[in-house]
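Participant: Here are the chains, one letter per residue:
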Amino acid sequence: MIHFVLLISRQGKVRLTKWYSPYAQKERTKVVRELSGMILSRGPKLCNFVEWRGFKVVYKRYASLYFCMCVNQDDNELEILEIIHHFVEILDRYFGSVCELDLIFNFHKAYYILDEILIAGELQESSKKAVARLIAAQDALVEAAKEQANSVSYMISQATK
Amino acid sequence: MGSQGGFGQSKEFLDLIKSIGEARSKAEEDRIVLHEIETLKRRIIEPDIPKRKMKEYIIRLVYIEMLGHDAAFGYIHAVKMTHDDSLLLKRTGYLAVTLFLNEDHDLIILIVNTIQKDLKSDNFLVVCAALNAVCRLINEETIPAVLPQVVELLGHSKEAVRKKAVMALHRFYQRSPSSVSHLVSNFRKRLCDNDPGVMGATLCPLFDLVSVDVSSYKDLVVSFVSILKQVAERRLPKAYDYHQMPAPFIQIKLLKILALLGNGDKQASGQMYTVVGDIMRKADTTSNIGNAILYECICCVSSIFPNTKLLEAAADAISKFLKSDSHNLKYMGIDALGRLIKISPDIAEQHQLAVIDCLEDPDDTLKRKTFELLYKMTKSSNVEVIVDRMIEYMININDNHYKTDIASRCVELAEQFAPSNHWFIQTMNKVFEHAGDLVNIKVAHNLMRLIAEGFGEDDDTADSQLRSSAVDSYLRIIGEPKLPSAFLQVICWVLGEYGTADGKYSASYITGKLCDVAEAHSTDDTVKAYAVTALMKIYSLEIAAGRQVDMLPECQSLIEDLCASSSTDLQQRAYELQAIIRLDAQALENILPLDASCEDIEVDKGLSFLNSYVQQSLENGAQPYIPESARSGVLNMSNLRSHDQQETSGHALRFEAYELPKPTMPTSRPATIMPSTELVPVPEPSYTREIHQTPAVPSISHSGSAELKLRLDGVQKKWGKPTYSSPVQSTSNSDFQKTVNGAAQPDATGSTKQKARDVSHDIKKQEVEIPSEKQRLAASLFGGVSRSEKRQTAAGNRGAPKANSGATESPHMTKVATSSEPSTVKTAPVQPPPDLLDFGESTATSDAPSTDPFKQLEGLVDVTQDGSAANSGSVATKASDFMSLYSERPGNVPSNLIDPSIDVNMSSGLLNASNNFDHGAGVVAQSPQSANKGPNLKDALQKDALVRQMGVTPTNQNPNLFRDLLG
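These protein sequences, in sequence, are chains A and B.
The first sequence runs 0 to 160 under numbering that gives the first Met the number 0.
The second sequence runs 0 to 966 under numbering that gives the first Met the number 0.
These aren't lab readings, by the way, just hints derived from the structure by calculation.
One or more of the hints may lead you astray.
What the hints assert, rightly or not - Derived lysine-lysine pairs resembling DSSO-like cross-links, with alpha carbons at most 30 Å apart:
(1) B:LYS265 / B:LYS217
(2) B:LYS25 / A:LYS12
(3) A:LYS44 / A:LYS17
(4) A:LYS55 / B:LYS281
(5) A:LYS12 / B:LYS17
(6) A:LYS145 / B:LYS119
(7) B:LYS366 / A:LYS127
(8) B:LYS40 / A:LYS25
(9) B:LYS40 / A:LYS17
(10) A:LYS127 / B:LYS402
(11) B:LYS52 / A:LYS17
(12) B:LYS281 / A:LYS127
(13) A:LYS29 / B:LYS217
(14) A:LYS29 / A:LYS55
(15) B:LYS237 / A:LYS128
(16) B:LYS188 / A:LYS59
To be verified - To give an idea of the interface, some chain B residues facing chain A are shown, with a C-beta separation under 10 Å as derived from the structure:
(17) GLU359
(18) ASP362
(19) ALA544
(20) GLY545
Quick reminder that beta carbons are idealized off the backbone N, C-alpha and C, glycines included.
Please put together the full structure from these sequences, using the hints given.
Facilitator: Here is the structure:
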């Protein structure tokens with residue numbers, strides 16, 4: 000089971016956090032600080048795994064962003080690495096050549112996407128197409144809602160003129 | 000579908016993000032965020048906020064929270080937003096609450112109603128959003144409120160909904176297995192779902208279920224095997240392929256389940272051999288995902304009933320892992336070796352050099368994994384080297400968590416395999432000295448027990464030798480500063496018990512030392528208590544032996560001080576000491592006999608010595624005693640307790656509307672327990688209470704037990720003997736279960752803990768016995784000294800440190816001599832590889848991306864750099880632009896705050912990735928896809944322009960922000 004997902008920039012700035020196991024706010028801050036200290040200082044040729052408080056943190060660096068996932072001792076680390084990659088690929092498809100800036104300004108969208116890939120700390124969908132389809136459906140609905148709102152407000156503004 | 004267009008937020012918010020991005024210190028960031036919190040606090044309570052504005056506020060709250068600040072003031076607004084009708088807002092609301100609230104938060108109760116409503120929505124997207132929230136927010140208490148609807152959704156027409164419903168049920172199962180135990184058949188049903196996504200999701204709960212109770216899922220072995228076969232034969236839709244592997248995540252999950260089902264079951268395992276073998280043969284070892292599957296296969300092979308062919312294949316795979324230059328694969332190789340070694344202990348032999356390399360590796364993660372492997376292959380012949388290594392490593396690390404871990408491992412190994420008493424005591428001293436405060440206090444108790452009981456042989460001289468060597472070493476250590484408390488307790492106890500036993504040290508010497516300890520650690524009451532009791536023992540032993548006792552003056556003053564101590568425990572001990580040493584020799588011999596700490600003190604629980612008194616009273620007309628359970632009108636204790644439980648659950652909130660009650664409900668309720676019984680309007684408290692209690696205390700006969708039996712069928716699992724079954728359930732090892740069943744029935748529930756420990760001990764023994772047998776066989780084949788060959792594999796190469804430890808018995812010495820020679824020869828060739836390693840590393844890093852088909856789609860950059868003119872010319876023309884972009888970057892670097900070396904590394908990595916990628920076919924085939932995304936450079940520039948346009952000027956501080964994540 001995945002206990003949390005962290006996205007940290009190389010400067011140690013938090014880009015995304017998702018907690019699947021309960022952590023209090025204070026604890027979260029501590030975890031982020033502890034892990035970013037540990038992971039950012041690791042050399043490029045070492046393992047992508049770190050043992051931490053009886054768990055394992057699997058991380059992978061993409062350009063200037065570190066994607067980290069904390070898993071149980073008995074989980075398959077290589078699989079987790081691929082889950083991270085799976086997530087990044089889907090982000091890439093969605094944003095079109097995703098870069099850190101996309102995630103900074105659209106972190107909520109990244110959350111929506113993550114919610115379609117992982118649920119309750121488990122991989123729920125391994126097909127990129129299925130995820131993309133669902134996200135697209137949501138976006139379409141959101142667009143429709145926006146248009147509708149606009150038209151209504153337009154009508155009201157017309158009426159009250 | 001790209002949304003790279005407008006970011007859709009107000010300028011204010013973008014400014015916030017930008018200023019955070021530019022903050023140069025954590026303090027500055029905090030200042031900005033605190034200011035933002037103030038603003039939001041003010042704004043969010045304004046009346047009549049437009050909904051879109053509110054949505055942005057909520058997202059800003061999420062942002063604040065993400066940066067580690069408390070946004071609790073806004074939680075309620077996020078909750079309100081979930082009530083909104085528009086999906087746009089609802090979705091934001093759900094996102095925010097799932098990020099903000101832990102499942103025990105008070106506000107959840109306000110969301111449950113909305114969730115209930117949304118689960119019934121016609122719009123499947125609303126249902127999906129609600130199910131996402133269910134997975135995060137619903138706790139044990141609120142499960143019944145949504146359970147019926149979630150179960151209903153298992154049959155929803157949209158696969159996305161079915162999948163999430165399965166996951167939600169899985170979550171419920173994790174939270175409270177009893178709440179859904181009657182629903183597990185649904186998981187079996189969903190396994191046959193048409194949609195592979197739903198089927199894949201179902202594997203998660205099934206894995207959990209199987210790991211708890213293997214036997215009831217044996218019938219699924221065939222299904223799992225056939226699914227796995229189909230997956231491996233690419234029968235699933237192409238969409239599930241990942242890097243040219245057919246549905247690898249599903250394969251891995253299936254292999255995990257099969258590993259559990261086949262454990263110790265020859266017949267079930269037999270059905271798996273073919274498919275696992277096929278997968279191993281087909282696995283693509285050049286890609287990361289292929290290796291992930293291969294690793295999972297090894298895990299499976301080492302768990303199921305052994306099969307020679309598969310074991311050979313696994314050993315081959317492991318040696319490939321270990322020989323790889325990638326640290327990740329080495330790590331997996333070491334881990335896999337640790338698994339396989341239990342079955343075929345001799346495979347470690349060929350990898351000894353690789354293992355030693357990993358042990359010396361600068362990468363801490365790899366090192367720790369290697370220690371884990373060593374721990375698994377420890378035996379009496381190599382225990383010294385391994386434990387010495389472990390302790391050496393333990394001393395040098397700061398990570399308390401791991402320190403605790405490795406310390407307890409050292410203790411365990413030392414207890415099991417210690418070659419000599421002397422070594423054992425020395426080792427324990429070292430462990431305690433360096434990690435005494437971290438190890439479980441039980442370890443200290445164990446050590447005391449061990450010293451008291453000896454090693455179990457009926458050899459008193461060995462035991463007394465052990466004791467006197469312990470006393471010797473403790474007296475030497477005792478003066479050192481900063482000894483951990485637990486260690487001091489052991490020292491005091493041992494000195495008190497055996498300090499004067501062999502007559503080497505006088506009582507006054509020992510008592511003097513004990514007084515020193517008590518004085519030096521005046522803040523530690525426990526140590527002082529141990530010291531005083533030790534003093535008492537020594538004095539009374541002296542008196543009992545008929546010797547004159549002169550209390551040292553410092554000792555006297557210590558006792559007087561303690562008589563006035565603020566700790567009542569210390570006071571009592573001091574007074575007791577004063578009282579006891581005034582007694583005569585005979586009394587003392589009875590009170591504190593010599594070396595009787597392991598003798599059982601029998602407590603007469605039946606208070607039989609009062610029998611005559613009772614008899615007498617009865618004869619005088621007293622009322623006979625009525626056992627508690629037989630007393631009518633009085634609830635017995637267990638009843639009371641379960642009553643309390645019932646009370647709490649009875650007080651749980653109800654989630655259904657008031658109109659529902661139907662008078663016929665209670666009688667028409669089916670015999671299986673529905674979780675909604677609590678919702679029945681007129682709950683009869685004792686009704687369910689008995690269900691709680693009867694299985695747990697089966698001896699109690701109740702009038703209604705017969706009809707209750709019916710209901711028990713469904714719930715047996717959840718309530719049956721919780722204390723006993725839980726340790727069994729927690730492990731997946733069937734060996735374990737067998738020993739539990741076979742070894743001994745628990746005589747009392749209280750002793751289960753003890754038993755569990757014993758059992759695990761047994762397992763260790765078993766594991767060890769197999770290797771030692773094989774080892775002897777191997778040794779005889781090699782014609783070496785028995786057991787010695789094995790050590791070469793594990794630790795022989797480290798003959799040097801062993802030689803240091805010196806003073807061991809003669810067979811050891813000879814072994815060292817024989818093994819050290821080959822070791823030097825062997826280590827010599829190890830030296831050159833570093834160069835190779837260095838070369839290899841770069842290819843290794845590019846290894847994974849190189850086979851990444853997705854990148855082939857994305858990376859027009861890569862194509863251009865590759866210059867593999869096979870592609871369209873237009874792309875090639877862009878190459879020069881691109882190169883300039885890349886070459887520019889290093890130029891920029893020095894002016895920025897970025898460490899140039901890393902940057903160069905990065906870009907070289909990118910180059911590598913692109914160089915390795917050489918077929919353009921994929922790109923052409925998927926061109927519509929890539930056209931959608933556009934060339935990277937253009938894209939980046941567009942983004943840049945957009946950002947500038949919005950006034951968020953990227954200050955060039957971090958060009959990395961614009962770099963595509965996938966390279």
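Participant: Taking the hints in turn, state whether each one holds.
Facilitator: Here is what the structure says about each hint:
Between LYS265 of chain B and LYS217 of chain B the alpha-carbon distance is near 12 Å, which keeps this suggested pair within the 30 Å criterion. Distance hint between LYS25 of chain B and LYS12 of chain A is fulfilled; the C-alpha atoms sit about 9 Å from each other, no more than 30 Å. Using a Cα cut-off of 30 Å, the hinted pair LYS44 of chain A and LYS17 of chain A holds, with the two alpha carbons roughly 27 Å apart. Distance hint between LYS55 of chain A and LYS281 of chain B is fulfilled; the C-alpha atoms sit about 29 Å from each other, no more than 30 Å.
At roughly 13 Å between alpha-carbon atoms, LYS12 of chain A and LYS17 of chain B fall within 30 Å of each other, so this suggested pair holds. Of the supplied pair hints, the one linking LYS145 of chain A and LYS119 of chain B holds, its CA atoms being roughly 24 Å apart against a limit of 30 Å. For the hint linking LYS366 of chain B to LYS127 of chain A, the alpha-carbon distance of about 36 Å lies beyond 30 Å, and the restraint is violated. For a cut-off of 30 Å, the pair hint linking LYS40 of chain B to LYS25 of chain A stands: about 21 Å separates their Cα positions.
Proximity of LYS40 of chain B to LYS17 of chain A is assessed by CA-CA distance (about 24 Å); at most 30 Å being required, the pair is judged to hold. Of the supplied pair hints, the one linking LYS127 of chain A and LYS402 of chain B is violated, its CA atoms being roughly 42 Å apart against a limit of 30 Å. A distance of roughly 24 Å separates the Cα atoms of LYS52 of chain B and LYS17 of chain A; the hinted pair therefore holds under the 30 Å criterion. For the suggested pair LYS281 of chain B and LYS127 of chain A, the alpha carbons sit about 23 Å apart, so the restraint of at most 30 Å is met.
Annotation: proposed proximity of LYS29 of chain A to LYS217 of chain B is violated, straight-line Cα distance about 44 Å (limit 30 Å). Under the criterion of a C-alpha separation no larger than 30 Å, the hint pairing LYS29 of chain A with LYS55 of chain A is consistent with the structure, at around 17 Å. Between LYS237 of chain B and LYS128 of chain A the CA atoms are separated by roughly 10 Å; this keeps the pair inside 30 Å, and the hint holds. With a C-alpha separation of about 37 Å, the suggested pair LYS188 of chain B and LYS59 of chain A falls outside the 30 Å cut-off, and the hint is violated.
For GLU359 of chain B, the interface hint is violated, since its Cβ never comes within 10 Å of a Cβ in chain A; the closest pair sits about 14 Å apart. Interface restraint check for ASP362 of chain B: the shortest CB-CB distance to chain A comes to about 4 Å, inside 10 Å, so the restraint holds. Hint status for ALA544 of chain B: violated, given a least beta-carbon distance of 50 Å to chain A, over 10 Å. Given the 10 Å rule on beta carbons, the hint for GLY545 of chain B is violated: about 55 Å separates it from the nearest Cβ of chain A.
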